[in-house]
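Chemist: Let chain A serve as the given structure and place chain B on it in line with the hints.
In case you want the letters, here they are:
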Amino acid sequence: AQKVTQAQTEISVVEKEDVTLDCVYETRDTTYYLFWYKQPPSGELVFLIRRNSFDEQNEISGRYSWNFQKSTSSFNFTITASQVVDSAVYFCALGAGMNTGFQKLVFGTGTRLLVSP
Amino acid sequence: DVKVTQSSRYLVKRTGEKVFLECVQDMDHENMFWYRQDPGLGLRLIYFSYDVKMKEKGDIPEGYSVSREKKERFSLILESASTNQTSMYLCASSVMTENTEAFFGQGTRLTVV
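Residue numbers (my numbering), protein chains in the order written: chain A, -2 to 114; chain B, 13 to 125.
No lab work stands behind these hints, which were simulated from the structure alone. All C-beta atoms in this analysis are idealised placements derived from N, C-alpha and C, irrespective of residue type, glycine included. Hints may be right or wrong, so weigh each one.
As the list claims (entries may be wrong) - Result set (EDC-like, lysine to aspartate or glutamate): computed pairs, CA atoms no more than 16 angstroms apart in a straight line:
| # | chain 1 | residue 1 | chain 2 | residue 2 |
| --- | --- | --- | --- | --- |
| 1 | A | K0 | B | D71 |
| 2 | B | K30 | B | E91 |
| 3 | B | K15 | A | E41 |
| 4 | A | K67 | A | D83 |
| 5 | B | K15 | B | D40 |
| 6 | A | K35 | A | D83 |
As the list claims (entries may be wrong) - Derived list of chain B stretches under chain A, where covered just means 3 residues or more per stretch with a C-beta under 8 angstroms from a C-beta of chain A:
| # | stretch |
| --- | --- |
| 7 | 53 to 63 |
| 8 | 84 to 97 |
Unchecked claim - Derived contacts from chain B toward chain A, CB cut-off under 7 angstroms, selection only:
| # | residue |
| --- | --- |
| 9 | S79 |
| 10 | A114 |
| 11 | F116 |
| 12 | Q118 |
In isolation and in its complexed conformation, chain A is listed as follows (with noise of 0.2 angstroms):
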């Protein structure tokens, strides 16, 4: 079976400050795609990153970095320097299903940051 943990139900913080969104999956496919998306309050999922299982490399866009470990089936999320406007629902996910191009999403249950000014 397929699982996406979010351990962190909600986190808050000050603004400027690092914040690190956990990850943990499971899967026993050898294929796979990890999504981060995002939910402002407008309630419409946003696309952050995504990684296939066979690219461990980590990424940097701007403010925001991923960390991929297969060893420890582990995509964490960092937002440096937080702002205001990351305030957001940030939802992690596990694309499977190869006859859909691995778009079909198993979803963790979330982590809520609040980024106070």
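Modeler: Just chain B, lined up with the frame of chain A:
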């Protein structure tokens, strides 16, 4: 810009009613998905479709059915709405190739009374 449009933002229906949630995408995507989102449970897959008239059950299909008669439209049907189907419903679409992502609609908050 990819656009996934759900027909209603908010819906209130009575127990036992037949309910249709509509989703339309404008990017010729092969895949379409219906998820429900509940507090503390994240998003869970109800049904998906990878081609016209093709559908497969997701993780929680009980009490739901779907219809995909045209490539751009994917309907979620609650045959007889119940209060435990009160939830946020999210539609998504994607191409059927690797190394891509799904695009989500704005969601429909359904309340069954």
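Chemist: None of the hints should be skipped; say for each whether it holds.
Modeler: Here is what the structure says about each hint:
1. K0(A) - D71(B): 12 angstroms, holds
2. K30(B) - E91(B): This hinted pair holds, its Cα atoms lying about 5 angstroms apart.
3. K15(B) - E41(A): Within the cut-off at roughly 11 angstroms; holds.
4. K67(A) - D83(A): Violated - the C-alpha atoms of D83(A) and K67(A) are around 27 angstroms apart, more than 16 angstroms.
5. K15(B) - D40(B): 11 angstroms, holds
6. K35(A) - D83(A): 9 angstroms, holds
7. 53 to 63: Result for this restraint: holds, n = 7.
8. 84 to 97: violated (count 0)
9. S79: With a minimum Cβ separation of about 18 angstroms from chain A (threshold 7 angstroms), the hint on S79(B) is violated.
10. A114: 5 angstroms, holds
11. F116: Holds. Min distance 4 angstroms.
12. Q118: With a minimum Cβ separation of about 5 angstroms from chain A (threshold 7 angstroms), the hint on Q118(B) holds.
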